[in-house]
Amino acid sequence: MTRFWSNGSVCVAHAIVLALPPAASAWAVQETVPQRSREQVLQSVNGALATAARGDFSAARSSLELLLASCGSAAEYRECRVLYASGLGSLLQREAAAEPESRDTLYTQAVGYYDRILREVPNDPEALYGKALAYRGLGPHEWMESFFVQAPTLDPARGALYLTFKGDYFATARRWAEAGDAYRAAVQRDADDDGARSGLIDALEALGLSSKPELLRLAKDWELRYSSSAADAYRAVLTLSFDPGGARDSVADAAMVGLVRLQSRNRLAVGAVPERVSTTWTPVREIRGFLTTASTQTAPWWRQSRERTDVLAQAALAGGRAASGAPNYELAERLWREGVGFAPRLSAISLDLQRQLALLYSTQKPLDPDGKKFDALEQDIFSDKMGALAVGDLEAAQRYHTTLGLIYLERGVWRGQQSARGAEQQFTWALDKADERLQRERFYQPLPEIRMLLAQHFDSIGSKSLAARRYSEAALGFLDLDDLEDADSAVRRAAAVGGQTADLARALGVRSALARGDAGACGAQSLSSLIGGARAFTLRQRFKVLADCSKLDAKRARAYAAQAFTLVDSAHVALVGGADVTRFERVMAALLGPFGMTFQPEHLDPFASPNAGQAILVSLPGETVPFAYTAQTDDVVGARIVAALGDVRSFPMAVAAGVVSIVPPAKPSPEVLARIQQVSGVKAVKYGAAGSQ
Amino acid sequence: MLKPLWKCTCLVTVVTAVGWSSAAAQKRATMTVSVDLAAPRYRDRFTDRRAIQAKAATLFADYLTRNVGFLRFAADDSTRPYRLAFVLDRFDRGSTSGFAEVGFWVRLERPDESPMESYWLQFRSADQSLVRVGGEDEFLNEIKAKLAHRDADSLRTGVLRWVPISETGLPNLDPVGFVLPFRLLDLCMKRQSTVELLAEFGGTVVREVPFEARLVGNFTPRGQPTREAAPYVGGGFAQVLPLPQPDDLTPSIARHAVKIKKIFVTSYVHDPTACGNRAPMAVGGGTP
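Heads up: the protein sequence lines correspond to chains A and W, in order. Count along the first sequence from 1, then add 1457; that gives the number in this note's numbering. Count along the second sequence from 1, then add 242; that gives the number in this note's numbering.
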């Protein structure tokens, strides 16, 4: 949240002589007049912090104290006092970290400055946070309890964090039930809070055996998105199960299965268990035995249900990978062959195992000197028929076909005696699967490299129309991936074999002009030329062009950025490649910056965050699953507001938990306020020093 | 009621946090982080390879800073004795196949020891090996995406456990253990973490002996700390469990004949809240 500065009337200057050597601290002019504009104050504060960073805490502190005093007590200089006090709080905390002998005194003094701010501006977020950190630095005392209990309600935008602090406070005091309640509430408010999840696991483990079912439920809920926390929760169940009075019951069994599943998926050491868990416990003993012998006869417990068998197959896949990295190719082969033997046919795991085996036979000739094993593997899968793959796991099927295509490509076999036994058919199937995923999963994959290979193959055998089609598809893919050089090559080749390339050439022309830095390509004519072809492709290209124009054409940057943002926010245009992610972040910064808001870049996840207002789909080259870009909901709301305001002159505002705050001297018209109120995600608009709604 | 936590009656009371803290002013050890694009396809892709390696190193250093609190990480700082290099190379270095998985190997380089290396992060699977490398933004964003959900456990316990976090510590007699020169909060470390302490025993023959110890809380002495103990007040306390038999550690500590040489973190229970909230916000808004 941003605080605003009221640049007030002329003030009475009183000179303050600072005892700083000028060379050591350029910010601290020898004689200062009161620094009261927001910019001046921040400059002074940051200068003092820089001085402190050089080790001269004393000088920095003296300066800030004098400057704070210079703010006076008039109401209009409240922010002057607040910022200097905040600077002092920050400075003292840094000093406490550097000078542990005086740590408690320094933290206590920091708290004093934060309290001073909170008396002037109740619930000021910076002061609350600073005070919380200082308290944490001091360690827990009973007199802090009321603060930690109240803090989550004082700054709702950071409510989850303060609930976690509250949990930490109780946990340190070993008041586990209260800690558990606080962490649970934090997780409910923000499932992405790593500390809250970690604390909740600790609290539940400390609460003992009765927590096992809840820990197991949490672990299952977290498996996909928070695999590390899920593994911790599974481990906690296992540890409790081996505590005095603990039982190796169905909950323990389920936790073991879940833990091995996670270890297998995430390439962790499969079969590793907490030290309290006995290695002679059947599930542990068997999984470890299986990974060294590759024999399911040593793992009957793991064959007792479909779920366990699936997990055992995943363990075979992971174990084989680990073995091939060792390298122990023989063990890898045995594990994968055994896995293929018991994994459900045509399941994703079965396909993955067969893909690995095919690769192994392809790269490790001594394992398959006459190629018979590879042939048998192929025959095995084709006898079940390719059609069956279509109803199975599309990602696994696509990867399988791609792998076989690459193997045949390396062998120089484009067309075998059976059509399936050649790169042409395998790559075609791989692309078919990719198309199917687009239809079913909305996951777009450009895959220009495979399309180009196919195009060149068709070109070489005289199949001009097929070549033209694949060249054109490759050009689309290259444009989506910002590879203009290869796009140009593909367009030329498509044209050479009779393909219709006018739309592609226009798009390429605009993109190339922008890549050269030609802002003239941002004109309406250029943009309108991006028509024709598939609508989704056109929208993706428009996003790129608009985002690039927002960078090239400073005068219209906001307008272009708003259009680019709207394409993602409203038309759900997918971002393709890392360059689009950078474009999106630049667009957000261009929109929010002029309004005094700072864009907080987020990260890409294979699963959408539960906190995300809306997941932005991202297709990354080299990834076989779609990713989601999670922008802070308040940032998205802020960008929507800016986009909705059009060319309204910018003014500082802040968005926190959907509440828009605008502080004088900004004077948005009632019409502007009404427009803001109508923006999706806006819960309230506060205007004025008192925050009137 | 919290008061039992900091009302101590024994010679040394181990508490989970201190009422008046003062762990030694030592900074956590810093190691350098670098990235090396060894796979030819990636090595040859970028004309200014050093620049992109440096940017990638910053991403890895940021990742480590978030996930490993017991050390500090600086990208491409050649002055540090310990270096963690992330090398983008084939998974199967013996294979000559035209399509092969590539990923990041992690190599720990340390003084007076041979480097250790392991494969850590898949970057492109074999079936994705045809896919173009892309430009700088794409490459760096792909790394970010890969790191976003990568578990750091194998790095912490498999690699970084060989990097000493300190070369000082305070032996303690009752209970038998050692005080770290850092608070647990500063290490983003929870209780139950374990450390290995390499201690030097004095006497007629000087010996170096390793001990496993479990972090059980922070250290606060009863009354005024001795001059020797003062810098360690508030530091994490690691209790030696179990005591070696025959126990010559206890009498040696009593004789003040034990000196800590190195401390390693062997099992790290991460405290993400501590790592994520180390410093106050930037004054006036924004991130610190």
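Treat the hints loosely; a few may be bogus.
For lysine to aspartate or glutamate, the following EDC-like pairs were computed, each having C-alpha atoms within a straight-line distance of at most 20 Å [said to hold, decoys possible]:
id : chain 1 : residue 1 : chain 2 : residue 2
1  : A       : Lys1677   : W       : Asp393
2  : W       : Lys386    : W       : Glu355
3  : W       : Lys386    : A       : Asp2062
If you want a taste of the chain A side facing chain W, the calculated C-beta under 8 Å gives, among others [as the list claims (entries may be wrong)]:
id : residue
4  : Gly1587
5  : Leu1681
6  : Ser1819
7  : Lys1822
8  : Thr1859
9  : Gly1980
10 : Ser1983
11 : Thr2039
12 : Gly2079
13 : Val2082
Simulated from the structure, these hints should not be mistaken for lab results. Even glycine gets a Cβ: it sits at the ideal position worked out from N, Cα and C.
Here is what the structure says about each hint:
1. Using a Cα cut-off of 20 Å, the hinted pair Lys1677 of chain A and Asp393 of chain W holds, with the two alpha carbons roughly 17 Å apart.
2. Between the alpha carbons of Lys386 of chain W and Glu355 of chain W the distance comes to roughly 31 Å, so the proposed pair goes past 20 Å and is violated.
3. For the suggested pair Lys386 of chain W and Asp2062 of chain A, the alpha carbons sit about 10 Å apart, so the restraint of at most 20 Å is met.
4. Residue-level restraint check for Gly1587 of chain A holds (minimum Cβ-Cβ distance to chain W is 5 Å; threshold 8 Å).
5. Look at Leu1681 of chain A: its Cβ only gets to about 10 Å from chain W, farther than 8 Å, so that hint breaks.
6. A hinted interface residue such as Ser1819 of chain A counts as satisfied when its beta carbon comes closer than 8 Å to some beta carbon of chain W; here the least separation is about 7 Å, so the hint holds.
7. Hint status for Lys1822 of chain A: violated, given a least beta-carbon distance of 11 Å to chain W, over 8 Å.
8. Here the hint on Thr1859 of chain A is kept, as its CB sits about 4 Å from the closest CB of chain W, short of 8 Å.
9. For Gly1980 of chain A, the shortest C-beta to C-beta distance to chain W is roughly 26 Å, which exceeds 8 Å, and the interface hint is violated.
10. Checking Ser1983 of chain A against chain W: minimum C-beta separation of about 22 Å lies over 8 Å; hint violated.
11. At its closest, the beta carbon of Thr2039 of chain A sits 4 Å from a beta carbon of chain W; the interface hint therefore holds under the 8 Å criterion.
12. The criterion of a C-beta within 8 Å of any C-beta in chain W is met by Gly2079 of chain A, whose closest approach is roughly 5 Å, and the hint holds.
13. Below 8 Å, beta-carbon pairs count as interface contacts, and Val2082 of chain A has none with chain W, the closest being about 11 Å; its hint is therefore violated.
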